[in-house]
Each structure stands twice: as C-alpha cells, then as structure tokens.
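Student: The primary structure of each chain is shown beneath.
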Amino acid sequence: MSSKFHVIPASALVLTTLGVLVGCQPSTDLGPVPSQAAAEKIREQLSGDSEGGGGGEAAEVGTGWATLKGRFTFEGQAPEMPAYNVTSDQATCASGGAPKQETIVVGSDGGLANVVLFLRKASRVHESAQAPEEPLVFDQKQCVFLTHVFTVPVGQPLQIKNSDPVGHNTKIDGKNGFNRTIPAGESVSFTPKKAEAKPASVACSIHPWMSAWMMPHDNGYAVVTKPDGSFELPNLPAGETLEIQVWHESSAGSNGGLVVNSDQAKELKWDKKGRFKIKLTEDETKELNVAVPASAFSGG
Amino acid sequence: MKLATQVNRQLFLSLLVLGSLGCTQGEPPQFRLNMISMTSNELDSEYQQEIANVLSGLFGTPDEPFAHPATGLNQLKLDLASGPAWSDKRGYSHGLYRQHCVHCHGIDGDGYGPTAKILNPYPRDYRKGIFKFKSTFNAAKPTDADLHRVLANGVPGTSMPSFELLPSSEVESLVEYVKYLAMRGQLETELAAYVFDELGVEEVEDESGTVTEQRIPFDPSASPDQAEAVLDILSEIVAGWDEAGENVIQPAEDAIPADNRSDEELAASIDRGRELFYGVKANCIKCHGPTGLGDGQQTDHNVWNKENMDYIEATTSMADSLANADPETEEEELELDREWALLKSREEVSDTLLPVRNAVPRNLRVGVYRGGRRRIDVFHKIHAGIAGTPMPGLGAAGPGAEGTISEEDMWSIVDYVLNLPYEAPSQPQRALPTNHSNITQ
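These protein sequence lines are chains Z and R, in that order. In this text, residue positions in the first sequence follow full-length UniProt numbering: the first is 1, and each later residue adds one. In this text, residue positions in the second sequence follow full-length UniProt numbering: the first is 1, and each later residue adds one.
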C-alpha cells in the first residue's frame, strides 16, 4: 500500500522535469519571432513622408539595339506525354481519343516548345514595342487551349474564343484575375492590365484538365519558343547587361525557372533561378542554342 | 494485466500532477509566417527572419497592431479588435478578434484556427485578399459594406455565425481588422516573391579581381531601393482595397425586374431563366447539374485548396526526383544536399496542411444561399462569378466592358434559381446522393 505512494511521486517528478524541459518551451513551429529593434527601425524608415527615393547605383545604359535568337532542344529521349483524363463531354473533347498532355512538348527534331524567355528589367524599350490594338486570339477546340503558352503585352486585348459546340469558362489566375463563361462558338474580350513576374495559370473549371499559361509583360521583351524550339527576341537594348529569365511550366526549379548547367550556361552565368546574363553589341544578332537535360524538369 | 493497470494509474496520476503545475504565463502571441510562400520561394531562415521583421515594422504584432499610413487603416479600430479579450469597467469589449474569430480564422487570419480541421467548409484564409461574398467585379476586393454584411448575416450553410448582436462599432472594428490581416497576408506572400526575385546571392568582384559570393540582406531600413520596392508593393495592395467602391457592380436600372410583376410575368421570366440555365451560353447545368443538386462537374478546387494541392504535388514530385538523383561532381553533391534540406522543410509544411477538398457546386434546391438570398446577392454571383472558386461570371469583367449575356437574362436566371427550391408538390426532388465517391481525392 505505502510503496505505491512512493512510486507515484517519483514518476511524477521525472515527468514534471521533462515537462519543464519540453512542454513550457516556446513552441518552435511558430517560425521566426520578429526582432523588435529591427521592426522599429523599419517602421521609422518606412513611415516617414520622405520616401528615401532611388539613390541606387546608376545602371549602365548602352545605345542601339540587338537581337537574341536561337533554339531550345530537349537532351535525350523526350518523355511520352500521357493522355488527359477526360471526364466530361466525351463526344466533343475526346472524339479522336483523349488529347495528350502538354507539360513537356518536344518536336520530332528535339525542339523544346513552350519555353518562355523574358527580359527582367528593361532600361529602355524600342519604339516597336507598342501593345497592338488588334486582339490576340486565344482559342479552344476539342477542350484544349490551342495556344498552350503565350505572352501578351499589357493593354493588348485578348479575344478568348470557344470553337467548341460545348460551353467553356476561362479562368486566369494572378494579378489579372478573370473567370468568365465562354459560350459555344462565341468569344469574349478581356484586356490584361498588369504585368506578372512569371506566367499565370489559365484553366477551365468545366473541363479541369484544360491548362494554359499567360505571360503579360510591359516591356515588349517576352517570347515563347515555337514547336521547333526556336525563339527570337529582337530590338533588345544593346551595350548593357541584360538579365533574361527562362521559364518552363514543368521546370524542377523554383517558380518555374529553367536551370541549365552546361559549359555554355556557365559562361552566361545561368543561375539557379533560371536566369542568364548577356551583353549584346549594337546591331548584333546573337545565336543561342540551348540543350536542356531531362534533369531540369520536375520528376526528371 | 494487473501491472499494466497499476502503471497506467501511476501515469495518470503523474500527468495530473504535471497538469496542475501548468505553464507559466505564455509569451504574447506572434504572427506566424506563411510557410508555403517561404518554402516555395526557397527562403532560408535568415530571409524568413528579415521578412518577419519587415512585416512587424509595417503591421505590428497581434497585441500591438500598427496602422501604417499607407494602408489607410484606422488605428483605433485595430486597437479595439486586437489583443487579448477583456472588458473594461464600463463594459466595453476589447480584443474582439480573439473573442469572436480567432478559434476558426487563426491569429494570422490564415483560416487555420484550432477548429479548422473539423469544419466544412474550412474557415476563410484572408491572406490571399480574396473574398467570395461581395458586390464587386470578380477580380476586385470587397467593399467594407460587403464584409459588414457577411459579419452581420453570417454565411448560411457554413459554420460562420451571424454577429448581428454586436454593436455596429464592434463589427466595424472587426471589418477593419479583417482588412488588416488580408493586407498583411498578401504583402507577406508578395514580399517572399520579391526576395526570391530580387535578392539572394550576388557575385561581387573586389579590387584584386577575385569574385566572391555575397548575400544581399533584406533590410529596407538600410536600403532605400528596398524601402521603395516594399512601399510600392504595399501601395498596390492597398489600392485594390481603395478601388473596391468603384468596382461595385451597378445593375442597369432598365434591366431590373419591376417590383409588381404579375404571376404570368414572373413565370415567363422563370421559364427564360430555365432555358438559359440549361443552355450552352450560361451553362449553369455543367456544374450545378441537370437537376440543380450541385451534382455536375465536381473535381475542381478553389484557390485555397488548389494552392495546398499544388504544393503537396510539387513536394512529392521533388521527393521522387531527389531519390533518383545521381550526383557526379562535388558541386552537384552540394546542390543535392541543399535540395534535400529544402525538401525536408517542404515536407514539414505539407504535413501541417489541411486535407485538400474539392469545390462542390452548390445544391440550388435547398434554398440556402451562402452569399445572401436577396435577389441582388444572387445577381452579383451570376454577374461576377464567385472569386477564388471555379464559378465563372456571365457579366462584364469590369466597369464599361460587355457581358456574355444581357442583364435581363441574368435577372431571369436569378428568378429561376430562387424558384428552384419551390418544386411542384407532385415532383419532390431527391436529395443529392451521399456517396460522393467521385469527389474525394
């Protein structure tokens, strides 16, 4: 009888000690706790009327214009794309069998399509880079967006078309939020007004396998590689260092940055965010051919 | 057996002793970081700390919120809504958010309070700045009046109750605090993207020509460029809230149905609405189903669940990639170590996420309308769609633009939808089958 009472406090003591050590420590999953001193300093600096204003080092500015062109290829055996899981409107969407996914599109000659290249910051913009007034047609047929990846200058209207006999809706994520029904055989106009730092997802809620990517930009320097993997960025500012972002939807890198590790890429200082640097001389046409290894892609 | 009982009893008593000791006064609550944003942008603990500092500088803490002048938020209202819940001598309530909201919406407004796991739908995560029940165009923020209405009426059919019994001033303070958490949350995500995009490691060449890698700290109090960038990002977020009033959908006067319609006129409008509901233009049938039970397309997700789903899928895919990785050089090995560490932190975040749920289209036959049952509420949903969800709109995407169908037709769909629960006595509608085998993950 009495021995029992001796045992209980002993184990309680052990647990209590443990508890003090573990239980009452501030929980670590809360992540970093802000430093009060740093926060106060930031508040003081960022709440005043004066905005501090620029002050940064003056960026180098060259003169004239130049062109960057080339081709992206997939290194090795291109992956077999599985078919989409078509769950509705079979008659329209899968009349000739379910369409193939387009997460990695490689042409018969190894060309890698749907790579987006864009100039991150433009010190100056060529006069040809005006947003066209005529609309950019973005069509869908057999429940597939006919343009899987596209760039659009902000201010150019999109003509979102539906060439199917069934209704669709087009839902665009990101800063230009949009979600409208697109009736069968009709089209709806929409003008993206905000540039993005990376392509925004485009989807259809009625047919959830449908997927596309839209890159709205405001400097005119954004391009998607064609089915043969080729691209051309004309009228780039010459005589200054340009930082080009390379994006692919299935990239293994964060935020879609396509990372290439070849010797040529090292020369271009191609980094882990999928960016490289290049300086073109006036009127130069620089040829850039990039072989992308399977390991650059997610799951590769 | 006997021994086991004794051990159990001892353990129980020990725990009782332990429990009675309790912990000392807790630390004041802190905002936690949005770890999806942090890990998606590969931000290390140092950058996370710096982002926490910046957020605290601009928005303060849960006990001491700060209404930064650029936000236009009202400090007095934030003070009333924030901090611990208590009543002063005159009976005025303080700490309203923690009294009424925090158990579901969480201290950060991340919709991850203690009850979140057992609620369906999940409580709203404010941090995207996206709200479903509002009078504005799809991409626009809600007005104060919209948020006020949700608080006053609650969201029928969900766990969100009505706060109609609170004095108006308290509801207003809570509206202000919700906006505060939404602005703060959106800024956090955009700062994470900013740090990923603009900062990190840069190569610096010294006088002797040696190139070294240098980390660019995120400290806007020391860098005027960063200060400007941060204030720009904040102003853009605030502008969205400021413009909400201009983005209210104003129904055209001549399209609004008359108040004194005859039974025949109403019936004709309902018939027109039915035609549109089933037609390929409005296409409501696709999701709400041939009988309006919400049994159409059910495999899509809202933006909150989709973010979690995409995050989990990307993490799984990263794990597969790393398991197959075969580093050849020392450099590649170092890179692989870095990625394993990132994967580990992503997996830790994945484990905390609520199970992903599909967006289930509303059953329109039960007569419960989450966004309100006034004709104008239903009109707004049909016009703008429902932000953050798969539900598309039929009206113009913004002021001055053109809609897919006329407003008269939209009002007819309103008539049809509001009439759906009132079925003919001879044709009672069966309930939605409970076997949702096609909508689970």
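None of these hints come from the bench; they were simulated from the model. Be a bit skeptical, because a hint or two may be false.
As the list claims (entries may be wrong) - Below, a list of computed lysine-lysine pairs in the BS3-like style, where the Cα atoms sit at most 27 Å apart:
1) Z:286 - R:344
2) Z:194 - R:344
3) Z:198 - R:306
4) R:306 - Z:193
5) Z:193 - R:344
6) Z:273 - R:132
7) R:128 - R:306
8) R:281 - Z:161
9) Z:198 - R:344
10) Z:121 - Z:286
11) Z:226 - Z:272
12) R:132 - Z:121
13) Z:193 - R:128
14) Z:272 - R:306
15) R:306 - Z:141
16) Z:273 - R:128
17) Z:273 - Z:69
18) Z:161 - Z:141
19) R:344 - Z:273
20) R:344 - Z:175
21) R:306 - Z:161
22) R:132 - Z:194
23) Z:194 - R:306
24) Z:198 - R:281
25) Z:175 - R:306
Student: Look at each hint and say if it fits the structure.
Tutor: Status of each hint after checking the structure:
1. Z:286 - R:344: Violated - the C-alpha atoms of residue 344 of chain R and residue 286 of chain Z are around 41 Å apart, more than 27 Å.
2. Z:194 - R:344: Violated. Residue 194 of chain Z to residue 344 of chain R sits at ~35 Å, over the 27 Å cutoff.
3. Z:198 - R:306: Holds - the C-alpha atoms of residue 306 of chain R and residue 198 of chain Z are around 18 Å apart, at most 27 Å.
4. R:306 - Z:193: holds, 24 Å
5. Z:193 - R:344: violated, 38 Å
6. Z:273 - R:132: Distance ~34 Å between residue 273 of chain Z and residue 132 of chain R Cα, so the pair is violated.
7. R:128 - R:306: Given that 27 Å is the threshold and the Cα spacing comes to 13 Å, the pair holds.
8. R:281 - Z:161: Holds, at about 13 Å.
9. Z:198 - R:344: holds, 26 Å
10. Z:121 - Z:286: Distance of about 19 Å is within 27 Å: holds.
11. Z:226 - Z:272: holds, 24 Å
12. R:132 - Z:121: violated, 35 Å
13. Z:193 - R:128: holds, 20 Å
14. Z:272 - R:306: holds, 26 Å
15. R:306 - Z:141: Holds, at roughly 25 Å.
16. Z:273 - R:128: holds, 24 Å
17. Z:273 - Z:69: holds, 21 Å
18. Z:161 - Z:141: holds, 9 Å
19. R:344 - Z:273: Holds - the C-alpha atoms of residue 273 of chain Z and residue 344 of chain R are around 20 Å apart, at most 27 Å.
20. R:344 - Z:175: violated, 31 Å
21. R:306 - Z:161: holds, 26 Å
22. R:132 - Z:194: Roughly 22 Å between the alpha carbons, so the hint for residue 132 of chain R and residue 194 of chain Z holds.
23. Z:194 - R:306: holds, 23 Å
24. Z:198 - R:281: The given pair, whose Cα atoms are some 32 Å apart, is violated under the 27 Å limit.
25. Z:175 - R:306: holds, 17 Å
The structure fails hints 1, 2, 5, 6, 12, 20 and 24 (numbered hints given earlier, in ascending order).
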